[in-house]
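Visitor: Sequence:
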Amino acid sequence: MKKRWVSWWIANVIWIALFAIGTFVVWTREVDGAGVTQTPELKLVAFIVLLIASIIPLAIQLVWMMINLKSGRAS
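FYI, this note's numbering numbers position 71 of the sequence shown as 66, with every residue one higher than the one before it.
Possibly wrong hints are sitting among the right ones.
What the hints assert, rightly or not - Label pairs and their computed distance ranges (CB to CB):
{"hint": "1", "residue 1": "Thr23", "residue 2": "Pro52", "range": "17 to 27 Å"}
{"hint": "2", "residue 1": "Ile9", "residue 2": "Gly67", "range": "13 to 23 Å"}
{"hint": "3", "residue 1": "Pro52", "residue 2": "Val31", "range": "25 to 35 Å"}
Just so you know, these hints were derived from the structure itself, not from any lab. The C-beta atom is built at its ideal place from N, Cα and C for all residues, glycine as well.
Please construct the entire structure, taking both the sequences and the accompanying hints into account.
Guide: Following this line, the structure appears as structure tokens:
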């Protein structure tokens, strides 16, 4: 496996871990940083915001994967 693929997998693992940790924090907290008690609806909204924010790294990872695939075929 080439270095660029190893880097890609490491970056993926980091992003998945960050998303999992963020999800765990959102679903287990009782009170947020502003002191608002978290209801299931507010937890869902916070999760959706986290999900939307994770779209940017996902797009970057997909472009990186396509570059790796194209450069792998060329060599």
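Visitor: Give a verdict on every hint.
Guide: Going through the hints against the structure:
1. Thr23 - Pro52: 17 to 27 Å: Given a distance of about 23 Å, which is inside 17 to 27 Å, the answer is holds.
2. Ile9 - Gly67: 13 to 23 Å: Holds: the Cβ-Cβ distance is about 22 Å, inside 13 to 23 Å.
3. Pro52 - Val31: 25 to 35 Å: holds (27 Å)
Comparing the model with each earlier hint shows no violations; every hint is respected.
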